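Engineer: Sequence:
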Amino acid sequence: MVAPSTLGHPRVAIVTGSSSGIGEAVVKQFCQEGLQVLAVDANPQGLDIAEAAGAVFYQADLTDPEACRGSVAETIKRFGHVDILVNNAGIQHVEALEDFPEAKWHQIIDLMLTAPFLLTQAVWPHMRQGQWGRIVNMASIHASVASPGKVGYVSAKHGLVGLTRTAALEGGAAGITVNALCPAYVRTPLVERQIADQARLNGMDEQQVIEEVMLKNAAIKRLIEPDEVAALVSYLASEQAGAVTGACWSMDLGWTAQ
472 MVAPSTLGHP RVAIVTGSSS GIGEAVVKQF CQEGLQVLAV DANPQGLDIA EAAGAVFYQA
532 DLTDPEACRG SVAETIKRFG HVDILVNNAG IQHVEALEDF PEAKWHQIID LMLTAPFLLT
592 QAVWPHMRQG QWGRIVNMAS IHASVASPGK VGYVSAKHGL VGLTRTAALE GGAAGITVNA
652 LCPAYVRTPL VERQIADQAR LNGMDEQQVI EEVMLKNAAI KRLIEPDEVA ALVSYLASEQ
712 AGAVTGACWS MDLGWTAQ
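Quick note on numbering: the numbering used here labels position 163 of the sequence shown as 634, and the sequence is numbered without any gaps.
These are calculated hints, taken from the structure and not from any lab test.
Remember, it's a predicted structure, so these values are computed and weren't measured experimentally.
Be aware that one or more of the hints could be misleading.
Pairs of lysine to aspartate or glutamate, DMTMM-like flavour, derived with a Cα cap of 25 Å [claimed, not checked]:
| id | residue 1 | residue 2 |
| --- | --- | --- |
| 1 | Lys-687 | Asp-668 |
| 2 | Lys-692 | Glu-677 |
| 3 | Lys-575 | Glu-677 |
| 4 | Lys-548 | Glu-566 |
| 5 | Lys-687 | Asp-698 |
| 6 | Lys-575 | Asp-532 |
| 7 | Lys-692 | Asp-676 |
| 8 | Lys-548 | Glu-537 |
| 9 | Lys-687 | Glu-699 |
| 10 | Lys-575 | Asp-535 |
| 11 | Lys-692 | Glu-710 |
| 12 | Lys-548 | Asp-535 |
| 13 | Lys-692 | Asp-668 |
Hey, can you work out the whole structure from these sequences and the hints?
Structural biologist: In C-alpha cells, the structure reads:
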C-alpha cells in the first residue's frame with residue numbers, strides 16, 4: 472500500500488488514460504488506498520468513472536503539450552503537491568509498415584512518448600522539492616520485443632524504456648524512482664479492438680488471433696486482468712519500492728522466458 476506523505480497528508484497521484492482498462496483499475500486501486508487522484512483522459516466519459524472511484528477528473532488531450540503541463544498545474548492547484556505519476560494513456564494502430572499513416576505515427580508518438588516526457592518534466596520540480604516521487608511508465612511486452620503491424624506502438628514503447636532509465640538516473644539523488652511496467656496482452660478495450668485488426672492483417676479469424684498471435688508465446692495461456700497490473704503499479708508507487716528504479720518489470724505470462 473502507498474504510504475501517506477511525511478507531512479501527514481495523503482499522497483497525490485496523476486493517472487493518465489483513466490477512462491478504461493489499466494488506467495481505470497489503477498485509479499480505483501489508488502482511491503481504495505486513500506490517495507488523492509487526478510484522473511486524466513481525453514474521453515469525457517471518464518468523468519463518471521473517476522467520480523465513482525473517488526477521483527477528480529481532468530479532461531485533456533495529451534497530444535497537446537499545453538494539456539500535459541495543464542494536467543500537472545491542475546493537480547498542484549487542487550491538492551498542493553504531486554507525489555506519483557502513472558503514464559498510462561495509449562492508443563494502437565495495426566497496419567503494415569509500408570501502409571502505416573504518417574498522421575497516426577505522429578499521434579502515437581505524441582501521446583505515448585512525448586506526453587510522458589512532458590508530464591515527467593512538469594512533475595519533476597515538485598517531486599524534487601519534496602525529495603520523494605514515484606513515476607510508473609506503462610510500457611508493454613512490446614518495449615522488449617516487436618510484432619508485425621505495430622511499428623508506431625513498438626517504437627513508442629521502446630522509447631519509453633529509454634526515458635524511464637534516463638529519468639531514473641537523474642532522479643535517484645532526489646528520492647524519485649522511475650520504473651516501466653511491461654505487461655503482455657491485458658483484457659482491455661484497447662486489446663479487444665486489436666483482435667479484429669489483427670484478423671484483417673493476418674488473414675485469420677478472431678479466435679485464431681487470440682490463440683496464435685496474442686497467446687502464442689505465452690506460457691500461461693490467458694489474458695492479464697487490469698487489476699493484476701494495478702496491484703503491481705501500487706507496489707511500484709509505494710514507500711516499500713524505494714530501492715527499485717530504472718527497472719522494466721515484465722508481466723508477460725512467460726513470453727520472454729524463451
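Engineer: It remains to establish, for every hint, whether it holds in the given structure.
Structural biologist: Going through the hints against the structure:
Between Lys-687 and Asp-668 the alpha-carbon distance is near 17 Å, which keeps this suggested pair within the 25 Å criterion. For the suggested pair Lys-692 and Glu-677, the alpha carbons sit about 16 Å apart, so the restraint of at most 25 Å is met. This hinted pair checks out: Lys-575 and Glu-677 have alpha carbons roughly 24 Å apart, not beyond 25 Å. Taking the CA atoms of Lys-548 and Glu-566, the gap is near 41 Å; set against the 25 Å cutoff, the hint is violated.
Between Lys-687 and Asp-698 the CA atoms are separated by roughly 23 Å; this keeps the pair inside 25 Å, and the hint holds. Straight-line distance between C-alpha atoms of Lys-575 and Asp-532 comes to about 15 Å, which keeps the hinted pair within the 25 Å bound. Between Lys-692 and Asp-676, the direct Cα distance comes to roughly 18 Å. Compliance with the 25 Å bound is thereby established for this hinted pair. Annotation: proposed proximity of Lys-548 to Glu-537 holds, straight-line Cα distance about 16 Å (limit 25 Å).
Of the pairs offered as hints, the one joining Lys-687 and Glu-699 holds, with about 21 Å between alpha carbons and a cut-off of 25 Å not exceeded. Pair hint Lys-575 plus Asp-535 holds up; C-alpha atoms about 15 Å apart against a cutoff of 25 Å. Restraint check: the Cα-Cα separation between Lys-692 and Glu-710 comes to about 33 Å, which exceeds 25 Å; the hinted pair is violated. The hinted pair formed by Lys-548 and Asp-535 meets the criterion: a straight-line CA distance of about 20 Å does not exceed 25 Å.
Between Lys-692 and Asp-668, the direct Cα distance comes to roughly 21 Å. Compliance with the 25 Å bound is thereby established for this hinted pair.
Of the numbered hints listed earlier, those contradicted by the structure are 4, 11.
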